[in-house]
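**Q** From first to last, the protein sequence lines stand for chains A and B. The numbering of the first sequence is the numbering used here, which starts it at 1295 and goes up by one. The numbering of the second sequence is the numbering used here, which starts it at 107 and goes up by one.
Calculated directly from the structure, the hints in this document are not laboratory data. Glycine included, C-beta positions come from ideal geometry on N, C-alpha and C. Check the hints yourself; a few may be wrong.
Said to hold, decoys possible - With a straight-line cut-off of 20 angstroms between C-alpha atoms, the simulated EDC-like cross-links for lysine to aspartate or glutamate are:
#, chain 1, residue 1, chain 2, residue 2
1, B, Lys-122, B, Asp-192
2, B, Lys-176, B, Glu-121
3, A, Lys-1311, A, Glu-1379
4, B, Lys-109, A, Glu-1379
5, A, Lys-1351, A, Glu-1338
6, A, Lys-1305, B, Glu-150
7, B, Lys-109, B, Asp-128
8, A, Lys-1309, A, Glu-1379
9, B, Lys-144, A, Glu-1338
10, B, Lys-176, B, Asp-192
11, B, Lys-176, B, Glu-132
12, B, Lys-109, A, Glu-1338
Stated by the list, open to error - A short list of chain B residues far from chain A (calculated; beta carbon distances all over 12 angstroms):
#, residue
13, Ile-155
14, Glu-165
15, Ser-179
16, Thr-186
17, Ala-187
18, Val-190
19, Thr-210
20, Thr-213
21, Thr-218
Said to hold, decoys possible - Label-pair distances were calculated between CB atoms; the ranges are:
#, chain 1, residue 1, chain 2, residue 2, range
22, A, Asp-1357, B, Ser-167, 41 to 47 angstroms
23, B, Gln-189, A, Asn-1346, 24 to 30 angstroms
24, A, Ser-1332, B, Ser-148, 14 to 20 angstroms
25, B, Thr-137, A, Glu-1362, 29 to 35 angstroms
26, B, Phe-153, A, Arg-1316, 18 to 24 angstroms
27, B, Asn-164, A, Gly-1397, 40 to 46 angstroms
28, B, Asn-158, A, Ser-1299, 26 to 32 angstroms
29, A, Gln-1377, B, Glu-116, 39 to 45 angstroms
30, B, Phe-153, A, Lys-1351, 24 to 30 angstroms
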Amino acid sequence: GAGVSQSPSNKVTEKGKDVELRCDPISGHTALYWYRQSLGQGLEFLIYFQGNSAPDKSGLPSDRFSAERTGGSVSTLTIQRTQQEDSAVYLCASSSTGGGNYGYTFGSGTRLTVV
Amino acid sequence: AQKVTQAQTEISVVEKEDVTLDCVYETRDTTYYLFWYKQPPSGELVFLIRRNSFDEQNEISGRYSWNFQKSTSSFNFTITASQVVDSAVYFCALSNNFGNEKLTFGTGTRLTIIP
């Protein structure tokens, strides 16, 4: 597609439930990134994919968080047993190999609210 | 480790005034990239500029200009003759050029232009 697509745009879930957030990157972009932006905060790196592998998962805050990418395209971020502190906007970005050279394109994000 | 500091949390100026947003970075890499993004109230991150570490030339794009100084590890952003549409949160970010090119973001500066 023309841009990075994320779904859903908004998600309200009850504490303790699992949620799945989806990112559809720009076609042909091999690198994909997940970031989290808590209210009034900067952007926190979560995980990086190159193709289907995730060489850097260092930003995942706990083992309740996991992500996968299939076919070198769509990625899903899963949060299990959600907690209120998981409430944030989750942003996805994609780039060609060499994001520093070619730049990053961000999606509009998924706003997650845990009640 | 990489770090980006945006010391100004919030700035308010009257329309048509000039305003400079500060960004100071830390990195051990000799090759790196610096970015500025704008996040308007709609939430989507809008790419403004990318600069590599070997290019210290200042850049001007319309009312926007950027001053990159390696000697002080700074990459400041100036808006000339500010307009209400410039009101947004502005993020400075840093990436390296070695495989995992995740962006390290500053905490952002909220700019409010008063009509």
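**Q** Can you name, in rising order, the numbers of the hints this structure does not satisfy?
**A** The structure conflicts with hints 2, 4, 10, 13, 19, 20, 23, 27, 29, although it agrees with all the remaining ones.
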